[in-house]
Amino acid sequence: MQALLELLWRARILFIWITLQALSLSLYIYSVENLRQRWLYLIETTTVAIHQALQWALQPILALRLYRQLEQQNAHLLEALSLQSEAKGPIVIPLQVWGHLFPPKTYEFIPVHGIYQTFHARKNYLLIDAGARSGLYPGLAVINDRGFLGFIAETTATYSKVLPLFHENVQMAVQSAHKGYLGLTSWKNYRTFNEIEVLYVPLYAPIEVGEEIWSAPQSTLAPGGLRIGQVVQTLPEPVQGFQRLIVRTYLDWFRLGPLYVLKPASP
Amino acid sequence: MKGYQIALLFFLLPILQYLLGTPLSIKPWIRFEPYWIFWLIVPFTWAMEYSILISFAFGLVLDIFFPPYGGHTFSSLWVWALRGIVARISRPIPSPDEAPQPETFSLGEWTLYAFPLGTAYFLSYYLLQELSWASLLWALLSASYSFLGVFVLFAIFVRKSDAR
Chain A
1 MQALLELLWR
11 ARILFIWITL
21 QALSLSLYIY
31 SVENLRQRWL
41 YLIETTTVAI
51 HQALQWALQP
61 ILALRLYRQL
71 EQQNAHLLEA
81 LSLQSEAKGP
91 IVIPLQVWGH
101 LFPPKTYEFI
111 PVHGIYQTFH
121 ARKNYLLIDA
131 GARSGLYPGL
141 AVINDRGFLG
151 FIAETTATYS
161 KVLPLFHENV
171 QMAVQSAHKG
181 YLGLTSWKNY
191 RTFNEIEVLY
201 VPLYAPIEVG
211 EEIWSAPQST
221 LAPGGLRIGQ
231 VVQTLPEPVQ
241 GFQRLIVRTY
251 LDWFRLGPLY
261 VLKPASP
Chain B
1 MKGYQIALLF
11 FLLPILQYLL
21 GTPLSIKPWI
31 RFEPYWIFWL
41 IVPFTWAMEY
51 SILISFAFGL
61 VLDIFFPPYG
71 GHTFSSLWVW
81 ALRGIVARIS
91 RPIPSPDEAP
101 QPETFSLGEW
111 TLYAFPLGTA
121 YFLSYYLLQE
131 LSWASLLWAL
141 LSASYSFLGV
151 FVLFAIFVRK
161 SDAR
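The listed protein sequences correspond, in order, to chains A and B.
As numbered in our numbering, the first sequence has no gaps in its residue numbers, which increase by one up to the final residue, 267.
As numbered in our numbering, the second sequence has no gaps in its residue numbers, which increase by one up to the final residue, 164.
Treat each hint with caution, since some may be false.
Here are a few chain B residues that sit away from chain A, every Cβ distance over 10 Å (derived from the structure) [claimed, not checked]:
1) Lys2
2) Trp29
3) Pro43
4) Met48
5) Leu77
6) Trp80
7) Arg91
8) Ile93
9) Glu103
10) Thr111
11) Leu123
12) Leu128
13) Gln129
14) Trp133
15) Leu148
Facing chain B, a subset of chain A residues (Cβ under 10 Å, in silico) [stated by the list, open to error]:
16) Ile13
17) Ile16
18) Trp17
19) Ser24
20) Ser31
21) Val32
22) Leu66
23) Gln69
I should point out that these hints are in silico values taken from the structure, not numbers from a laboratory.
Just so you know, these numbers come straight off a predicted model, no measurement behind them.
Think of the CB as a built atom: it goes at the ideal place given N, C-alpha and C, for glycine as much as any other residue.
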């Protein structure tokens with residue numbers, strides 16, 4: 001006991017120091033009413049800063065993931081809308097790319113991205129980032145949200161080459177929206193982007209400026225009823241017995257946007 | 001230092017600080033607070049119980065002038081606890097029984113003695129109130145600036161003429 005007391009006596013300064021420090025700290029905490037609030041604020045701001053930093057770092061990845069999800073959703077939506085054409089009665093599909101002519105089959109919409117396109121060639125083309133591995137094959141039609149673009153000419157495992165209407169060797173059967181007069185597109189002698197010629201339209205066909213042009217059901221390149229563009233000029237050629245139409249396409253070759261490949265759905 | 005000189009400093013330093021601290025500070029953050037010279041020159045020859053209580057009381061007086069209460073007291077007790085160690089580093093003393101005498105320090109020794117303690121004081125005082133990088137930076141700058149005042153006070157009023 002005496003040894004303990006002696007030890008305590010020797011360490012008295014330490015005890016006094018600790019006591020006085022405890023006293024001054026208590027006084028401080030008591031006087032600073034919002035000390036706790038400050039501490040909580042510090043924790044909160046630190047947490048927010050960490051979250052913001054993480055969000056900033058992950059932003060590109062999250063955005064890309066969201067973009068892919070939205071793209072898939074769009075594709076499913078397009079598929080679902082195209083299925084509506086199986087219903088009986090005159091249903092107008094609320095989809096910009098389809099006219100009132102129903103496609104004979106249902107189609108799977110595969111979202112793709114353009115990775116390269118030419119602008120000043122006679123034989124323009126577009127490369128897309130999907131190929132045989134994604135189930136694509138030559139002959140499939142490619143559209144964007146405005147209208148018909150072209151068709152797949154070649155595929156590799158991971159890429160495909162799309163020939164658009166703006167290619168001098170591409171010709172496709174089209175029809176006028178109201179009366180169904182047939183014609184053939186051409187970009188051979190009239191090379192203006194976002195415009196095409198429609199040849200071999202009968203001279204007697206009463207086609208007016210502003211009328212829509214759709215892909216014809218007889219076409220082997222695209223399903224019938226895909227919107228292509230509007231007539232901006234009619235050029236009768238009595239010597240040949242046909243009239244020539246200048247059509248401004250809905251598709252803008254300089255701003256393609258999201259692209260989809262129409263693949264016939266497997267039965 | 002004699003007792004009456006300590007008593008004089010005890011009363012005068014908080015008043016001087018109150019009058020001079022604000023005009024001499026570099027607003028808004030670099031402060032001029034040289035009152036901690038008091039804890040550096042309380043004689044080592046005094047009994048420790050006595051000197052710790054004097055230090056505690058001086059801290060309380062400062063707290064009355066400059067709230068929040070308790071901050072100066074808390075920091076001053078750290079200066080009090082560390083000053084013996086720093087003084088012995090500044091001027092090694094052959095005998096452990098011999099007490100260091102700050103008033104006999106040369107200006108270089110005083111710098112070695114006062115600057116670390118002043119910095120420790122400012123860090124403890126300001127980081128107690130706000131734990132942030134800005135607070136750390138301003139505490140260091142305030143300590144450097146206030147040390148100039150402490151240095152002048154020491155050189156004019158405290159240092160003995162026969163100091164090395």
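Taking the hints in turn, this is what the structure says about them:
{"no.": "1", "hint": "Lys2", "in the structure": "holds, 24 Å"}
{"no.": "2", "hint": "Trp29", "in the structure": "holds, 18 Å"}
{"no.": "3", "hint": "Pro43", "in the structure": "holds, 16 Å"}
{"no.": "4", "hint": "Met48", "in the structure": "violated, 5 Å"}
{"no.": "5", "hint": "Leu77", "in the structure": "violated, 5 Å"}
{"no.": "6", "hint": "Trp80", "in the structure": "violated, 8 Å"}
{"no.": "7", "hint": "Arg91", "in the structure": "holds, 23 Å"}
{"no.": "8", "hint": "Ile93", "in the structure": "holds, 20 Å"}
{"no.": "9", "hint": "Glu103", "in the structure": "holds, 23 Å"}
{"no.": "10", "hint": "Thr111", "in the structure": "holds, 27 Å"}
{"no.": "11", "hint": "Leu123", "in the structure": "holds, 16 Å"}
{"no.": "12", "hint": "Leu128", "in the structure": "violated, 7 Å"}
{"no.": "13", "hint": "Gln129", "in the structure": "violated, 8 Å"}
{"no.": "14", "hint": "Trp133", "in the structure": "holds, 12 Å"}
{"no.": "15", "hint": "Leu148", "in the structure": "holds, 28 Å"}
{"no.": "16", "hint": "Ile13", "in the structure": "holds, 5 Å"}
{"no.": "17", "hint": "Ile16", "in the structure": "holds, 6 Å"}
{"no.": "18", "hint": "Trp17", "in the structure": "holds, 6 Å"}
{"no.": "19", "hint": "Ser24", "in the structure": "holds, 4 Å"}
{"no.": "20", "hint": "Ser31", "in the structure": "holds, 4 Å"}
{"no.": "21", "hint": "Val32", "in the structure": "holds, 5 Å"}
{"no.": "22", "hint": "Leu66", "in the structure": "violated, 35 Å"}
{"no.": "23", "hint": "Gln69", "in the structure": "violated, 40 Å"}
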